[in-house]
Amino acid sequence: DTAVSQTPKYLVTQMGNDKSIKCEQNLGHDTMYWYKQDSKKFLKIMFSYNNKELIINETVPNRFSPKSPDKAHLNLHINSLELGDSAVYFCASSQATGTSGGDTQYFGPGTRLTVL
Amino acid sequence: AQSVTQPDIHITVSEGASLELRCNYSYGATPYLFWYVQSPGQGLQLLLKYFSGDTLVQGIKGFEAEFKRSQSSFNLRKPSVHWSDAAEYFCAVGAEGRRALTFGSGTRLQVQP
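The listed protein sequences correspond, in order, to chains A and B.
Our numbering applies: residue 1 is where the first sequence begins, and numbers increase by one.
Our numbering applies: residue 1 is where the second sequence begins, and numbers increase by one.
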């Protein structure tokens with residue numbers, strides 16, 4: 001039973017297209033995240049949502065729009081794709097505790113996006 | 001703002017040898033510290049975490065890490081490495097009140113037979 005799942009696993013598309021990546025967690029967590037891993041393996045937070053509300057937006061271009069229809073889902077829509085968007089995108093989730101920064105995050109398998 | 005440095009980009013060890021992966025953090029208060037492992041083509045799996053109490057933390061797969069406040073370090077160790085430990089290892093720091101992790105650049109571990 002997959003805890004955090006993402007679809008698709010691979011996404012190859014042309015510059016200028018619009019694409020979406022879906023994420024679902026079945027852990028009952030109330031916080032979800034999107035991270036971007038670049039070609040040098042560096043992982044950086046993009047967004048985090050708590051109870052469907054955006055709480056972190058880390059200076060991501062507004063071509064990226066996350067949407068959380070419910071606590072179990074956090075989708076990422078990307079408009080007008082650029083070459084620099086090629087990366088692996090990871091979804092994660094955690095259960096909010098009093099520590100916030102100490103919450104254990106559980107990661108999905110990643111979506112490898114290639115923009116040609 | 002918090003930051004994490006992993007000084008070693010790539011480490012090669014022989015199977016059965018001991019391992020230590022270095023992690024230094026920068027944060028003004030007591031940090032929340034994590035080690036994750038990423039196998040090729042996979043997501044990240046939590047190995048262990050520290051946020052209070054005993055400074056020596058035990059994790060899964062025989063890994064441990066020691067928090068040293070005076071050195072701002074959280075190094076990961078394993079007494080005897082197995083070929084299946086070959087992977088990318090990430091140290092991360094969490095800050096109070098911020099729902100996001102700040103990751104280091106990772107250390108790639110290669111295991112020689």
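One or more hints might be untrue.
Claimed, not checked - Straight-line alpha carbon distances no greater than 25 Å define the calculated DSS-like cross-link-like pairs of lysine-lysine that follow:
#	chain 1	residue 1	chain 2	residue 2
1	B	Lys49	A	Lys36
2	B	Lys61	A	Lys41
3	A	Lys41	B	Lys49
4	A	Lys41	A	Lys71
5	A	Lys41	A	Lys52
6	A	Lys36	A	Lys71
7	A	Lys44	B	Lys49
Hints were generated in silico from the structure; no laboratory data involved.
Everything numeric in this text was worked out from a predicted model, so none of it was measured.
Hint check results:
Distance hint between B:Lys49 and A:Lys36 is fulfilled; the C-alpha atoms sit about 22 Å from each other, no more than 25 Å. Distance check on the hinted pair: B:Lys61 and A:Lys41 sit about 23 Å apart at the alpha-carbon level, within 25 Å; holds. Our distance criterion of 25 Å between C-alpha atoms is met by A:Lys41 and B:Lys49, whose separation comes to about 21 Å. With a CA separation close to 28 Å, the supplied pair A:Lys41 and A:Lys71 exceeds the 25 Å bound.
Distance check on the hinted pair: A:Lys41 and A:Lys52 sit about 28 Å apart at the alpha-carbon level, beyond 25 Å; violated. With a CA separation close to 21 Å, the supplied pair A:Lys36 and A:Lys71 stays within the 25 Å bound. Taking the CA atoms of A:Lys44 and B:Lys49, the gap is near 19 Å; set against the 25 Å cutoff, the hint holds.
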